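Undergrad: Sequence:
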Amino acid sequence: MEPEGSSGTGGHATWTSTWSGYMLEYLANLVVNGTKTSSTFKMVHYNGCAKALQEKFGIVRSGEQVKNHLKTWQKKFRKVCDLRGLSAAGWDEDTFTITLDDEHYNSHIKDHKADADFLNKPIQHLEEMHTIFGSTMATGRFAKDSSVPLGTQEESTDDWDNEVQRMEVQSGSGIGATQQDNAATSSATKATNPNKRDKGKKRARPDHDPLVAPIKWGSTKLAKAIKVAGKADNDVPADLYDNVMAFKGSFNETHLSFYHSYLVQHPHIARAFNSLSFEHKFNWVAKHIADNYPRQ
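Residue 238 in full-length UniProt numbering sits at position 238 of the sequence shown, with consecutive numbering throughout.
Wrong hints could be hidden among the right ones.
What the hints assert, rightly or not - Estimated spans, in silico, between C-beta atoms of each pair:
| no. | residue 1 | residue 2 | range |
| --- | --- | --- | --- |
| 1 | Glu93 | Lys71 | 37 to 45 Å |
| 2 | Leu276 | Ser17 | 16 to 24 Å |
| 3 | Lys56 | Ala114 | 28 to 36 Å |
| 4 | Gly34 | Ser250 | 31 to 39 Å |
| 5 | Thr95 | Val44 | 32 to 40 Å |
| 6 | Gln265 | Ala88 | 44 to 52 Å |
As the list claims (entries may be wrong) - Straight-line distance between alpha carbons at most 30 Å, and here's what the computed DSBU-like set of lysine-lysine pairs gives:
| no. | residue 1 | residue 2 |
| --- | --- | --- |
| 7 | Lys42 | Lys79 |
| 8 | Lys79 | Lys110 |
| 9 | Lys56 | Lys287 |
| 10 | Lys121 | Lys67 |
| 11 | Lys75 | Lys281 |
| 12 | Lys56 | Lys75 |
| 13 | Lys56 | Lys110 |
| 14 | Lys113 | Lys75 |
Derived by calculation from the structure, the hints in this document are not laboratory data.
Quick caveat: nothing in here was measured; it's all calculated off a predicted structure.
Glycine included, C-beta positions come from ideal geometry on N, C-alpha and C.
The task is simple: from the sequences and hints, build the whole structure.
TA: Take a look at the structure:
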């Protein structure tokens, strides 16, 4: 008898919300603990996730199926980013909900019925998606050059690496240089591959201004991301010590001070820790102490 949810190691696989959430949490942890060191996950990461799913739920998934399922969530996160750019949209930070009043909601859903899954209801697994995809999307690295319509969704996470490298090269030359590079890219694309331009036109979204949408999406998160990006890489949050010592009633104070020292030595982990909910902070502290001081 095959394990529950088994669909072999190839082809289409069904996923429950619980399995999807576990997959996203597993991959997000690879980001925050530094295991994922490049702009994309490697097959070893997907295979490890598949193994963890089997051990946790008794389901059989291949690394390739995990990779394909992550693409689905990438598209969902892109949709969330896109919808947050709607001019009439609000944002509930506590429930992770994109809000629209009845008039704007009904008008939008009339033309975009599938968007109902993302409006006026909490967005599932947003924190994990933001950890996995947001480091590039929130800083504008998914902005398109002038020959590609905003909102176009790539079909593969393999595109991230090329996009990140291209945008990093452009960002080093300043805004003026970037605009010139984009113009050159657009002209070259039109001259060498006119079909690509026509294809882009077909995929363009007429209800979105390609210049306004990225500004709208960044109303809150982008401002924070820009502020963080301007800091030195070794900066740690000012309230890090207080957040660690908030667990004095549950853990040895000396162990907590050691964990604080560890976080200070690893600023990227410190910043990730500080962004977690109280419950997840507790889990991180507990794991670190159990791993490093098991008999104390």
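Undergrad: Next, verify each hint and record whether it holds.
TA: Status of the hints after comparison with the structure:
1. Glu93 - Lys71: 37 to 45 Å: violated, 27 Å
2. Leu276 - Ser17: 16 to 24 Å: holds, 21 Å
3. Lys56 - Ala114: 28 to 36 Å: holds, 31 Å
4. Gly34 - Ser250: 31 to 39 Å: violated, 25 Å
5. Thr95 - Val44: 32 to 40 Å: Because 36 Å falls inside the window, the suggested range holds.
6. Gln265 - Ala88: 44 to 52 Å: Given range 44 to 52 Å: holds, Cβ gap about 46 Å.
7. Lys42 - Lys79: This hinted pair holds, its Cα atoms lying about 24 Å apart.
8. Lys79 - Lys110: holds, 17 Å
9. Lys56 - Lys287: holds, 18 Å
10. Lys121 - Lys67: holds, 27 Å
11. Lys75 - Lys281: Measuring from Cα to Cα gives roughly 28 Å; hence the hint holds.
12. Lys56 - Lys75: holds, 26 Å
13. Lys56 - Lys110: violated, 41 Å
14. Lys113 - Lys75: Holds, at about 16 Å.
Checked against the numbered hints given earlier, this structure breaks hints 1, 4, 13; the rest are met.
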